[in-house]
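**Q** Okay, here's what each chain looks like letter by letter:
Protein chains: 2
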Amino acid sequence: MKVKETLNVNLGNRSYPIYIGSGLLKDYTLIEKHLISQQVLIVSNDTVAPIYLDALITQLSASIKVDSVVLPDGEAFKTLAQLNKIFDSLLSNKHNRQTTLIALGGGVIGDMTGFAAASYQRGVNFIQVPTTLLSQVDSSVGGKTGVNHPLGKNMIGAFYQPKCVIADTSVLSTLPDKELSAGLAEIIKYGAICDHSFFEWLEKNMHLLLAKDPKALIYAIKISCERKAEIVAKDELETGIRATLNFGHTFGHAIETHMGYGEWLHGEAVAVGMCLAAKISKELGWLSDRECDRLSSLCAKAGLPVHKPKKMQPHDFIKHMKLDKKNVTGSIRLVLLKSIGEAVLFECKDNALISKIIDANMSD
Amino acid sequence: MKVKETLNVNLGNRSYPIYIGSGLLKDYTLIEKHLISQQVLIVSNDTVAPIYLDALITQLSASIKVDSVVLPDGEAFKTLAQLNKIFDSLLSNKHNRQTTLIALGGGVIGDMTGFAAASYQRGVNFIQVPTTLLSQVDSSVGGKTGVNHPLGKNMIGAFYQPKCVIADTSVLSTLPDKELSAGLAEIIKYGAICDHSFFEWLEKNMHLLLAKDPKALIYAIKISCERKAEIVAKDELETGIRATLNFGHTFGHAIETHMGYGEWLHGEAVAVGMCLAAKISKELGWLSDRECDRLSSLCAKAGLPVHKPKKMQPHDFIKHMKLDKKNVTGSIRLVLLKSIGEAVLFECKDNALISKIIDANMSD
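Listed in order, the protein sequences are those of chains F and H. The C-terminal residue of the first sequence carries number 351 in this note's numbering, and the numbering is unbroken. The C-terminal residue of the second sequence carries number 351 in this note's numbering, and the numbering is unbroken.
Fair warning: there could be bad hints in the mix.
As the list makes no split between identical chains, a pair holds if one copy fits it or if it spans any two.
Taking lysine-lysine and the DSBU-like style, the derived pairs with C-alpha atoms no more than 35 Å apart in a straight line are [claimed, not checked]: (1) Lys306 x Lys52; (2) Lys309 x Lys72; (3) Lys325 x Lys298; (4) Lys20 x Lys221; (5) Lys199 x Lys221; (6) Lys288 x Lys209; (7) Lys191 x Lys81.
If you are wondering where the hints come from, they were derived from the structure by calculation, not from laboratory data.
Same shape as in the complex, but just chain F (with noise of 0.2 Å):
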C-alpha cells in the first residue's frame, strides 16, 4: 500500500505542502500542479543527477521545456561562484520570471537553489525535492536559503519559501548510512527541543529508521516537518522562539568551519553539538544525568559521534562561537535544554564554562 501525507506549512499567502511518502518523485503531477509556465530548470549535484536526473528530466519534458544544471556535489562548492553557473545556465537558456526552479539534491542544493529563485530577477518560484533524510527534515521547512563564505557559514543569503516539497523515501535507498545518520541528528534534535513523546518513540524505534523502515521513516520526517512547521509559523524571520531549532548548531557551525566544509558532515557536528549542549544544561542544573546519558545514547544509537574532533581546543570553539549570526551581544547565544523536550535561550558570558565542557567531552 503506497503511503502518502500531506502537511501544510501555513504562512499566510506564502503557505505551501510537503509531500512526504514513497515513490512521489514518479508522479510528476505533483510537480506540474505548481509550476505557472512552460520553463523549468532542475539543479541537481554530481552524486544524485547520474541516477534520479534522466527521469525526472523525460518525465517532465512531455509537456515543458526543461534545462537543467549539475554542480559538485557538498559544502565546500556552497559558494557564490558556483551559485552565479545557475544564473549563467537560467540567463543563456533564457529563463523569465514565470520559470521555476527545481532543487533535486540534499540540503546543499537546497539552499543554493532557493537562494537563485529568491534573487533571479528577485525572485522566481522554486520546490524542492530533497534527496537526502537531513533535508527533508531540516530545509523543508523554514525558507532559510543561501551560500557560505570563506569566514563563515550561511553567512550570505534569503528568506524565500518554496511552493512545495516533495519528500519522497524511497530516495533514501540510495544514501550512504553515514548520511542516514546525519539526518538523524536533526530528527532527534525535535524530540529534543520540543516533543519528549517523540524523543520516547525514537528510542524505541530507532532500528526501523536505520533499516529504512518506510512507515517509520514518513512517520518521523512528519512530526520532524510539523514540529518545525509550528515554529517557523510563530516566528519565520527568527527573531526569537525559532532559534531554539539552532540546538546543537553553534558548536556544530564551530566544528564545521574549523575542520572545513566536508570533513565532517553537518548532522554529526550536530551531535557532538546537542551532547555539549546537553552537559553545559547538566551543568546549570537544569538536566539531569539520566537525561544527558539519554541524549548521547540515542545519538550514539543513531551512528553519530557523540565527542568532539581530537584535533579542536576548546578556544577553537570559542572563537569561531564569537561570529554565529544569532548572537545579538558581544556574549554567545546558546541553545540549552531545560529538560528532554523543552528547549531554552541562553546568553553565556561564562566562556570558562564553555571551554570546561568542552574539554571534559574529549575523554569522557
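Model the placement of chain H on the given structure of chain F, informed by the hints.
**A** Just chain H now, kept in the frame of chain F:
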C-alpha cells in the same frame, strides 16, 4: 534659509522617510537615529569616497564603530565579484545582524549595497545616501537592489527597502554636467508617464535645474520621488502599474547592454528610449506630432541625446529587448504614452513596427 523636505514612502511596516535638502549630509543625527547598534559599514566608490567619505566617517565615529569599503566606480563593476567585497568587509570586521550598511554613492553603489544588506545574514538594515541626481530620484524609492550578469542588467537581486534615504542636493555641486543630465532624464520620465503639470514645470524651469538651483532641485526631486512612491505603494512587487516606470527603459537597457556598461550613461540611454517609445506611440495614433516633439525638445534642453547610437541596428535592439525581464509572453512589452502624463503597457507583437521606428530615429 535651509530648506529640508521629508517625504514618507508608505509600505506598511517597511515604510521609511526620504529627507531632501541642502547640507543634510553634515547633519549626522539623521543617520544616527536610524541605527540599531554601534556597527556601521559605509560602502562607496573611488569617485565619491575621496570627496565625502572621510567627513562622514569622522562625524559618525564620535559614537560608533565605522568600517568602510570603497569599490571601483561604474556600472561595469556592478557584479557578484564586487558584491563579495562587501561581504568580505562585513565578515572580517565581525559585523552582526544588527549592523547597518550605508550606501554613499550613485545608483550602482545603492543597488549593490541594498542587495548586500538584503543578503548578509539574510537581511540587515541599510541607509541610502544617493550622491547623483539620478539615484536621488530613482533608486531612493522602490527597493530594487541587485547586480548585473554578463547576459543581462539587474538580473540578480532582491526587493529590499532602506530605513531612510538622505538626498542632499549640495553633493550635486561636484556632479559632472553629463551626469546631471542623466538624472534629468528620469525626472522628465515622471512628468511624461503620470504628471502633465510637472512636465510643464520642467519645460519652464529646466534652466534652473541645469544651473543646480537648490530650490528647483529640491522641488524636482521631491515631486519625482512622490510620483514614484505613489506608484510603488500601489504595486511593490511589480506585477502591474509599476512597470510604467520602465518608460524608455526597454530600449535604454538594450543600448546599455549592447554598447557595454559605462559607454552610455543610464539616463542617456533612457532619454533615447523615451523618444523611441514616444514615436511608436505616435505611430499607433496616440501621441500627436506636437507632444512627441515636446518630449524630445525637453530631453535635448536637458543636455540629453535623442538619437540612437549610430552603430546599433534595429535587430540589435530587438535581440536585447526580447531578453528583457519584463517580458511575460514571447512578445516585447513596451511602456508607451497615451498622452503626456499618461503611460500604458503594450505587448508589442509587431517587431517590424519597432524596427521601422528605430531605423528612422537615426536620421530625423
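**Q** Does each hint hold? Answer for all of them.
**A** Hints versus structure:
1. Within a single copy, Lys306 and Lys52 get their C-alpha atoms only as close as 48 Å, which misses the 35 Å cut-off; across copies the closest is 21 Å, which meets it.
2. For the homomeric pair Lys309 and Lys72, the shortest alpha-carbon distances inside one copy (32 Å) and between copies (22 Å) are both at most 35 Å.
3. With identical chains, the CA atoms of Lys325 and Lys298 are at most 35 Å apart within one copy only, with a shortest distance of 30 Å there and 72 Å across copies.
4. For the homomeric pair Lys20 and Lys221, the shortest alpha-carbon distances inside one copy (28 Å) and between copies (29 Å) are both at most 35 Å.
5. Taking CA atoms no more than 35 Å apart as the test, Lys199 paired with Lys221 passes inside one copy only; the shortest distance there is 32 Å, against 52 Å between copies.
6. Proximity of Lys288 to Lys209 under the C-alpha cut-off of 35 Å is restricted to the intra-copy arrangement: shortest distance 21 Å within a copy versus 66 Å between copies.
7. Proximity of Lys191 and Lys81 under a CA criterion of 35 Å is satisfied in neither setting, with 52 Å inside one chain copy and 44 Å between copies.
In terms of the numbered hints stated before, the structure departs from hint 7 and from no other.
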